[in-house]
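K.L.:
This is what each chain is made of:
There are 2 protein chains.
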Amino acid sequence: MKKLINDPRAVVEETMEGFGLAHADLVTVSLDPMYVVRKDAPVVTKVGLVSGGGSGHEPLHAGYVGRGMLDAAVPGAVFTSPTPDAVLPATLAANTGAGVVLIVKNYTGDVLNFETAAELAQAEGVDVRTVLVNDDVAVEDSLYTAGRRGVGGTVLVEKLAGAAAERGDSLDAVEEIAKRVNAHVRSMGVALTACTVPHAGVPSFELEEDEIEIGIGIHGEPGRHRLKLESADAITARLLSPILADLLPTPGQRLLLFVNGMGGTPQSELYIVFRAATQILEDAGLQVERSLVGNYVTALEMQGCSLTVLALDDEMIELWDAPVHTAALRWGV
Amino acid sequence: MKKLINDPRAVVEETMEGFGLAHADLVTVSLDPMYVVRKDAPVVTKVGLVSGGGSGHEPLHAGYVGRGMLDAAVPGAVFTSPTPDAVLPATLAANTGAGVVLIVKNYTGDVLNFETAAELAQAEGVDVRTVLVNDDVAVEDSLYTAGRRGVGGTVLVEKLAGAAAERGDSLDAVEEIAKRVNAHVRSMGVALTACTVPHAGVPSFELEEDEIEIGIGIHGEPGRHRLKLESADAITARLLSPILADLLPTPGQRLLLFVNGMGGTPQSELYIVFRAATQILEDAGLQVERSLVGNYVTALEMQGCSLTVLALDDEMIELWDAPVHTAALRWGV
Chain W
11 MKKLINDPRA VVEETMEGFG LAHADLVTVS LDPMYVVRKD APVVTKVGLV
61 SGGGSGHEPL HAGYVGRGML DAAVPGAVFT SPTPDAVLPA TLAANTGAGV
111 VLIVKNYTGD VLNFETAAEL AQAEGVDVRT VLVNDDVAVE DSLYTAGRRG
161 VGGTVLVEKL AGAAAERGDS LDAVEEIAKR VNAHVRSMGV ALTACTVPHA
211 GVPSFELEED EIEIGIGIHG EPGRHRLKLE SADAITARLL SPILADLLPT
261 PGQRLLLFVN GMGGTPQSEL YIVFRAATQI LEDAGLQVER SLVGNYVTAL
311 EMQGCSLTVL ALDDEMIELW DAPVHTAALR WGV
Chain L
11 MKKLINDPRA VVEETMEGFG LAHADLVTVS LDPMYVVRKD APVVTKVGLV
61 SGGGSGHEPL HAGYVGRGML DAAVPGAVFT SPTPDAVLPA TLAANTGAGV
111 VLIVKNYTGD VLNFETAAEL AQAEGVDVRT VLVNDDVAVE DSLYTAGRRG
161 VGGTVLVEKL AGAAAERGDS LDAVEEIAKR VNAHVRSMGV ALTACTVPHA
211 GVPSFELEED EIEIGIGIHG EPGRHRLKLE SADAITARLL SPILADLLPT
261 PGQRLLLFVN GMGGTPQSEL YIVFRAATQI LEDAGLQVER SLVGNYVTAL
311 EMQGCSLTVL ALDDEMIELW DAPVHTAALR WGV
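Chain order of the listed sequences is W and L.
Here the numbering used here runs 10 ahead of the position in the first sequence, where the first position is 1.
Here the numbering used here runs 10 ahead of the position in the second sequence, where the first position is 1.
Honestly, I wouldn't trust all of these hints.
Each pair of labels, with its calculated beta carbon distance range [to be verified]:
id, chain 1, residue 1, chain 2, residue 2, range
1, L, 156, W, 118, 56 to 66 angstroms
2, W, 235, L, 255, 47 to 57 angstroms
3, W, 180, L, 43, 53 to 63 angstroms
For the record, the hints were derived by calculation from the structure and aren't laboratory data.
No residue lacks a Cβ here, since even glycine has one placed at the ideal position from N, Cα and C.
Working from the sequences, and respecting the hints, build out all of it.
P.N.:
Here it is in structure tokens:
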């Protein structure tokens, strides 16, 4: 295992220390229990937005804490759900009295731990709503999931719900936006190489030198099938086809196309995939109205990518374009 | 070789097509000759800023074209200088009559080709100045260089000179800022793994499973020495020590600390290095005033990082904070 780390067991803590130092203008980092909150939290009368999950997917979620997106994020150990005793104080820190929406990727551990934290926060008088993200069309159930997994679409849910909360929407309205985005977003990924969890020290799985895995999860958990390496155009078609078959966009539908790097893929390859995906979507009579290309939901140093397609409506476009100021997404401010 | 590509010989062209599609609001991409210009270029009466070099370092340079940074970028083949017949039209496109500054990383091929293009542009009546970036303290001469190589510091030169040009500084003033930044910036890198040039198909060099290379270049060219993998803290000290010995900052000096990923390194590891570097700098009585952490000058899928330290003055801080709107760096707009 070759990593720029010190103690494998201290990876998350040292990452968050470094993150706090680099973004001291944006966030405050609590190390024990571990969570990240907006420097200016709680923002008076605003609905709070909290997310979290296992580490190793950086910049998800701490990189999305700031104006126009999350109020707090809770990183667990690598690929391991954060515990309720960390989710609870993050939820309380994000509460201004207007209530809190928890955005939870659909993994069994996350669902349980966030649900427990929600109940504890409710017992303290906070109105808490939970929105599950389950955008991965690759598999219906998985190693860590009942139902579909939450992957790249999470970033879009957090951005759009975050913009709604920032403009002063009610708790009901922010919850509705988050659910609406989740209902209209689909994703699927591919791995060219495995990744190694620091405290495990060995790759999570093995791929032959000429083999890729279609439908991979962001923890390296199994996807749909393995096959020989193909061209970027062919792989892109393999990812987009089940996405479109499930999303069923109407002709002329405006889309947000998000090509996400898994952590170890050069940016050039992501743009080659973006090019291929745009061609397929436009040939299908669809309209790529907004785009995002880069490493936004990663699996450590895994090589590969995921495609995420969101069917946009006017309000979603307005919320996407709204100012955001976080470590990993920033515009308009 | 496992890459998300189609034809290895079409990697740069397809990358730039995808880039142009994803950032159609920002840039116009010319494929033959290949260069990228600001959508709104030429901006009336503004000094033009042009850079370029071999591809494979994305987002450098095309990712820095836009308001407050470059007016044009010229990507060559992977790890290969662009030719004068591409640099010339990019230079002409960036010229509004106020002259053009070419920012050139100090590699023999780049220096020659940009110099030829500068002469051709001058023959067409454009006042052209060339600023060489040579911030890498690792080696004095290298495979591809007489003198020090230009690496991470290039991004800072482009940002600060770009902000100076955007606020309306004269050609002399923009040239002076670019040279001043280069005079006060130092970098050094480390590789944990090699990278593979697509049309070569095999790794540029070999590293044992427990071996790293200190002082690596951004094309995988040799650095200072190889050693066994150490802790992130120890590696960070090995990179910072020669930087500080060369930069010789005065006590209390304000610094911009830039931790750059080589392309295949997880963000978490970059923050662990940032944490270590901050501790060393603060223990030395120096002040980390601004920071940048991420993949900004890469070497394809290489795992590793570089550290860049810029000694800031008041004007540099003002120029760093000024609005920028490019594909890879964006704030204030």
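K.L.:
Next step is simple, just say for each hint if it's right about the structure.
P.N.:
A quick look at each hint next to the structure:
Against the hinted window of 56 to 66 angstroms, the Cβ-Cβ separation of residue 156 of chain L and residue 118 of chain W comes to about 60 angstroms, which satisfies the hint. At about 54 angstroms, the CB distance of residue 235 of chain W to residue 255 of chain L agrees with the hint of 47 to 57 angstroms. Range check, residue 180 of chain W to residue 43 of chain L: Cβ separation about 55 angstroms, and the 53 to 63 angstroms hint holds.
Comparing the model with each numbered hint stated earlier shows that all of them hold.
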